[in-house]
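We have chain U already, so just place chain Y on it with the hints.
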Amino acid sequence: MNSLQRMSVVLTIGLVVLFSASAAGAEQRPQMDGLTGGDQPWEQAYDEALLQGREYYNAERREEARDAFVRAIQILPEQPAPYRNLARNYNLMGEYAEATEFYDRYLRLAPDADDRDVIDRERRGSAMRSGEEPWRLPANQRMAKRALERELDDGRALTDGDGGAWGLYRTLLGTGYVAADLDELRRKLQQRLVDEMESYFQPEDGFLPVLSREDWVLQRQRLGALYELARSAESVEFTERRTLVVRAAKALYQESGDDAVELARQASYANDDLKFVGWYEVVALDEAGRSGDAIILLDELLDADVFEGEGRRRAEVVRAQLLRRQGHSDEAAEVYRQVLRR
Amino acid sequence: MVLISGLATTAVAETPTASGDILWLIDGAPSGPTAEVVAGIDEALAAEREGHLLGDGDLLERIDGDLQPVSDCVLGLTSCGPAEAMAFDALGLGLMIRLQLTRDDEQVEINYEMVDRRGEVAGSGVVSAPDARRAGFEVVSQLFDAVGVVSFESSPSGATVEVEGEVIGETPMSRQFGVGSYGYRIHTDDYDGESGRFEVRTGEAHRVDVELAEQPGSLRVSGAPDDALIWLGDGVLGRASEVMQLEVGHHVIEVRAEGYENYRRGVQIDSGQMTDIDVDLQTMPTIFRDVSRSEIADHRFQFDLGLEFGFQQLQFLNASGTIEGEEVRFEQWIFDDDEGESLSVTPGGLRLGFGWEGDRLGVTFLSASLRAASVDQPVEIRSPADGVTVAARATDVRTLQLRPMQGRLRFFYENLAPYVQGGLGVAFHWIDVHISDDREVELFQAEPFAALELGARYHFDARWSVGASLRFQGYFADGMGGEGVLGISVGTGLRDLPGMEPQPPGEL
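One line per chain: the protein sequences are U and Y, in this order. At position 206 of the first sequence (counting the first as 1) the number is 206 in the working numbering, and the numbers step up by one without a gap. At position 451 of the second sequence (counting the first as 1) the number is 1451 in the working numbering, and the numbers step up by one without a gap.
If we strip away everything but chain U, and leave its shape as in the complex, we get:
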């Protein structure tokens, strides 16, 4: 064997070995189960939906699998795994335009996924079979989304009868809408709900927020919606704190006696950013026949400057009422005179 022949053999063997190593690497199967493994309620709901979808998928129950994957996406729209699974499910259902769309969404959400190459090739096959017709957002989803966006921009977050943006959001979910921007819509809705709820908690003239019984019902519904939309421990904690306020107010106007006192105390302790909540305890004490304790607590609140400006004068009028109830007429008359003289 001459030198040229030996060189040729060595080169050939080297290239074949290198190529084999590369091909073997490409065959490694990625491990992406997509589960969060978290213990937060939304994480558990997401994992449950994803696992259920897989079970249906593996059992070739395509429609149930589709619904479960849709549910998973609606819970955590920025998790890529259910998009991939949904795309594969659509692919096997022969709905190639949908499959292509969801492959694309997966690839957008997980540009560096280990299985990108495999998914991309599946997507190409799906795209080829779907022909020229691109996937389009179904008309009902498009309309529902537009309505929601309009309501989020210019309307109310929640109105009576589960209306407003919250109702439209649920309608949109009901149409099966799934996209990564759902998370943005959810966050926007969440913020709108918080803003709307907090706007009702703004004290009127430094005294108390004014909410009718119907308003309180809506506040409770807003908190329910916020709980469903919460995707962080901070959101849940915030929702639970504000729920105490709603429960305290409800106990107060239902005249629940000592229960109202206790609930108001808890709400006040948990919501130190809502200074007016301490007032609920004052009123609850008075309703429970403990006017003396109410005066003591009210004096503490006045000393702490919980009420400002006009609000302080209103609190003084109530203090005069409590003094009358305690039989301190002269002191009450002096308070009235001070208030009326400004």
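I should point out that these hints are in silico values taken from the structure, not numbers from a laboratory. Hints may contain errors.
[To be verified] Computed, partial: chain Y to chain U, Cβ under 8 Å:
#1 L1067
#2 D1496
#3 L1497
[What the hints assert, rightly or not] So these bits of chain U aren't anywhere near chain Y, every CB distance computed over 10 Å:
#4 V70
#5 D114
#6 P138
#7 T159
#8 R170
#9 G176
#10 V194
#11 S212
#12 E234
#13 Q266
[What the hints assert, rightly or not] FRET-style restraints, in silico, Cβ to Cβ:
#14 Y:G1196 <-> U:D215: 22 to 30 Å
#15 U:E184 <-> Y:T1275: 45 to 53 Å
#16 U:E184 <-> Y:S1222: 17 to 25 Å
#17 Y:S1222 <-> U:A304: 52 to 60 Å
#18 Y:V1167 <-> U:M93: 53 to 61 Å
The structure displayed is predicted, hence computed values, not measured ones. Yeah, the Cβ is synthetic: ideal placement off N, Cα and C, and Gly gets one too.
Below, chain Y without anything else, positioned relative to chain U:
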């Protein structure tokens, strides 16, 4: 003589304080004429005295009386209103009159204010009289109501006017209001609303004139990639996938997307309206566009077709054929000056290749070349059976070279990908030999060789490329030598072979 300089001039009976008792709060120097004034008021009130809390005794009596139930407002269920209103409710009041007494040597002067349940001063004034009792009388006689006129105007007109949350008409309009402070809002569907407060004073005309700003419109762009940027002037307005807010009027926007020519057009934005535009982006020429390496590598099934020119010392030591059933073999080339074993030729022809390429490593499943050259060279052929050598003339040579399973390694410098490829192959040679006018024979030989090719491909886009190459082929048979081959080619890449794309797995 009684001097009156009042601001309020109409009767109390028309104020919002018509129901409830009237509390008099009197301030004055301890040594002043308070008692006389109270006596004067008491006397002046006469039959109406019952509805007035005039002194400390009246107030304490009221406080010790029936306690009014606490309003729902302390639960926050309704608005408490001003502190005065709460105190009015607690004491069963409808109006409060505050008096400030002063006295000089000749006159008793009383500054008075009528305060309604809102805490607003509904009327005020000053009375003076030579004595305190007459001054008390004079105050009682001055119970006034107060109104003013407010006109509302807007540009444009026709806007809805709300006062204290209640729609009262459209601009332009005028209306009478009781003295006090009112909140208003003026708005239309297409313009941003204006809101604020106005004060009504007795007998005064007040004008509320607002210029409404048009609401912005929205723009939605379709027909462009979602990540296409929408420019307005020097700034980015948003992406094509978004709904963008724009001021009313005509704007020129530019749509910029990678791989497309910039697109400009004018759009008319109407107040509060969504404007949809459909753009038709033209793709950019791709020849000099940067193409990402991953995109190129993604098109892993490569085909190429090109031209080749070989530089070869032809030798046919093992070539044979048959003529009239008798085997003949190539013996040698005949040259004018000397006898030789090989002939220099430059056959040209086609080249075809098909292979798979990863990011860097690849394999050419089959590379084939078919080349031919005309020669006009005397040769000798020999019959092995009888050992007779015959002079003849070679006219054409043809070569088919097959190079299966060639290993390939490439590098990237932007769109340019130099490569080296090597492997084994086999060449099939044919030579046409003209013996006489009616006798021709085709000789054939097959020889294995090793090939090493150096080349480079320039990728115009992820799919199309052109390449140039130089290949060296060394034959294994002793004496056959080697050849160099120059080639140019056009290549195309496919992501997958049609119909062979992977299917989703049966189980996740």
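Each hint tested on the structure:
1. L1067: holds (6 Å)
2. D1496: Holds - the Cβ of D1496 (chain Y) comes within 8 Å of chain U, reaching about 6 Å at its closest.
3. L1497: violated (11 Å)
4. V70: holds (16 Å)
5. D114: holds (15 Å)
6. P138: holds (17 Å)
7. T159: holds (17 Å)
8. R170: With a cut-off of 10 Å, R170 (chain U) remains clear of chain Y, as the shortest Cβ separation is near 22 Å.
9. G176: Given that every Cβ of chain Y is farther than 10 Å from that of G176 (chain U), nearest at about 20 Å, it holds.
10. V194: V194 (chain U) clear of chain Y: closest Cβ-Cβ about 20 Å, beyond 10 Å.
11. S212: Contrary to the label, S212 (chain U) does not stay out of reach of chain Y, its closest Cβ about 6 Å off (not over 10 Å).
12. E234: holds (27 Å)
13. Q266: holds (18 Å)
14. Y:G1196 <-> U:D215: 22 to 30 Å: Cβ of G1196 (chain Y) to Cβ of D215 (chain U): about 26 Å, so the range 22 to 30 Å holds.
15. U:E184 <-> Y:T1275: 45 to 53 Å: violated (23 Å)
16. U:E184 <-> Y:S1222: 17 to 25 Å: About 20 Å separates the Cβ atoms of E184 (chain U) and S1222 (chain Y), which means 17 to 25 Å holds.
17. Y:S1222 <-> U:A304: 52 to 60 Å: holds (58 Å)
18. Y:V1167 <-> U:M93: 53 to 61 Å: holds (55 Å)
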